[in-house]
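J.: Single-letter residue listing:
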Amino acid sequence: MRRTVTILLLVIVALGISLSLAKIPFGVPKSKVGKHYINEGVKETGATNIVTSVVVNYRGFDTLGEVTVLFIAAIGLGAVLAASGREKMRKTEPASLVLYTGCRILFPLILVFGTYIFIHGHLTPGGGFQGGAIIASGFLLIYLGCRERRISRVAFNLAESLGGLVFVIIGLLGLAFGGYFLLNFLPKGTANTLFSAGIIPIIYIAIGFKVGSELAGIIDNLIEES
Amino acid sequence: MIFVFFLILLMLVGAVAASIFRDLISAVIAAALVSLAAAILFYFLQAPDVAMAEAAIGAALTTAIFIIAIRRTKRYEE
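Sequence order for the protein chains is C and S.
First residue of the first sequence: 1, per the working numbering; consecutive thereafter.
First residue of the second sequence: 227, per the working numbering; consecutive thereafter.
Source of the hints: derived by calculation from the structure; they are not laboratory data.
Be a bit skeptical, because a hint or two may be false.
[Said to hold, decoys possible] Not everything, but these chain C residues come out facing chain S in the computed CB check (under 8 Å):
{"id": "1", "residue": "48"}
{"id": "2", "residue": "79"}
{"id": "3", "residue": "126"}
{"id": "4", "residue": "140"}
{"id": "5", "residue": "142"}
{"id": "6", "residue": "145"}
{"id": "7", "residue": "146"}
{"id": "8", "residue": "154"}
{"id": "9", "residue": "223"}
[As the list claims (entries may be wrong)] Stretch-level coverage of chain C by chain S, calculated; a stretch enters the list once three of its residues show a Cβ under 8 Å from a Cβ in chain S:
{"id": "10", "stretch": "35-41"}
{"id": "11", "stretch": "63-74"}
Think of the CB as a built atom: it goes at the ideal place given N, C-alpha and C, for glycine as much as any other residue.
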């Protein structure tokens, strides 16, 4: 009886969703705002990567919220793990020579690649979140390969706090200069060069540091515990 | 075009495998395969920004966090 009712309900829901989705034309540009971003985005923000101009400029406040969510998640994880009490580190066998040497060679290359991704966020695909995640995966490699090396928590916390602070201060400066939060008050320069697009590269560098240190801090917390 | 269908097939196989494996480490690796195929698929669908985030977070960091968590708990599902 219950199963029949469930199946019936599922069929009704599926029918409703498919009927309402069938009315939406597929592959036809519908929103005016999307067209505006594509046509005017480079002129208005100076960033040739349209995704970046939407994420950091048109929808910059949402990005601040997104960064805050990640920050709260990292703090929550740290608090839960600290409340459960830190155990002594179990004895771990050292990694083999091949893994150890490979990690030491690859780690700086991964760091440089991640930094490149977030510095060039306004020109090429990628940005603060992607670059930060790549940097965190570099730290993951260090934790797997050279476990006796520890990166100081103070440096992580400093990078994280500075990243968030720079983002908010740039936003407040826009409020002071032009009257609204996260206004692009710096000169936009010529499009498609490294020093262009005003505040976008600065914000993306801040986000890159913040996301990288947060994700690396999460991994650090978890590995210390296991 | 054939490669895109191959990727979608790979994702389906990985997703089904992740749900039926009893060994949780194998299940996590299968889920990482789904993420990796999704990242390549995003690249072919001309969304390189999403592809980068998916490859770094979905395939690398999430897998590592799951494996660390499984080491702390049980490896086999009964």
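J.: None of the hints should be skipped; say for each whether it holds.
T.: So, going through the hints one by one against the coordinates:
Here the hint on residue 48/C is broken, as its CB sits about 13 Å from the closest CB of chain S, past 8 Å. Interface restraint check for residue 79/C: the shortest CB-CB distance to chain S comes to about 17 Å, outside 8 Å, so the restraint is violated. At about 5 Å, the closest approach between the beta carbon of residue 126/C and any beta carbon in chain S falls short of 8 Å, and the interface hint on this residue holds. For residue 140/C, the interface hint holds, the least distance from its beta-carbon to any beta-carbon of chain S being 5 Å, beneath 8 Å.
At about 12 Å, the closest approach between the beta carbon of residue 142/C and any beta carbon in chain S exceeds 8 Å, and the interface hint on this residue is violated. Interface hint status for residue 145/C: violated, as the beta-carbon distance to the closest one in chain S is roughly 13 Å, over 8 Å. With a cut of 8 Å, the hint placing residue 146/C at the interface with chain S is violated, because the nearest CB-to-CB distance is about 15 Å. Among the interface hints, the one on residue 154/C is violated; its C-beta lies about 23 Å from the nearest C-beta in chain S, farther than the 8 Å criterion.
Of the supplied interface hints, the one on residue 223/C holds, with its beta-carbon coming within about 6 Å of a beta-carbon of chain S, less than 8 Å. Only residues whose beta carbon comes within less than 8 Å of a beta carbon in chain S count, and the stretch 35-41 of chain C has 0; fewer than three means the coverage is violated. Chain S is given as covering the stretch 63-74 of chain C, and this is violated because 0 residues of the stretch bring a CB closer than 8 Å to a CB of that chain, at least three being needed.
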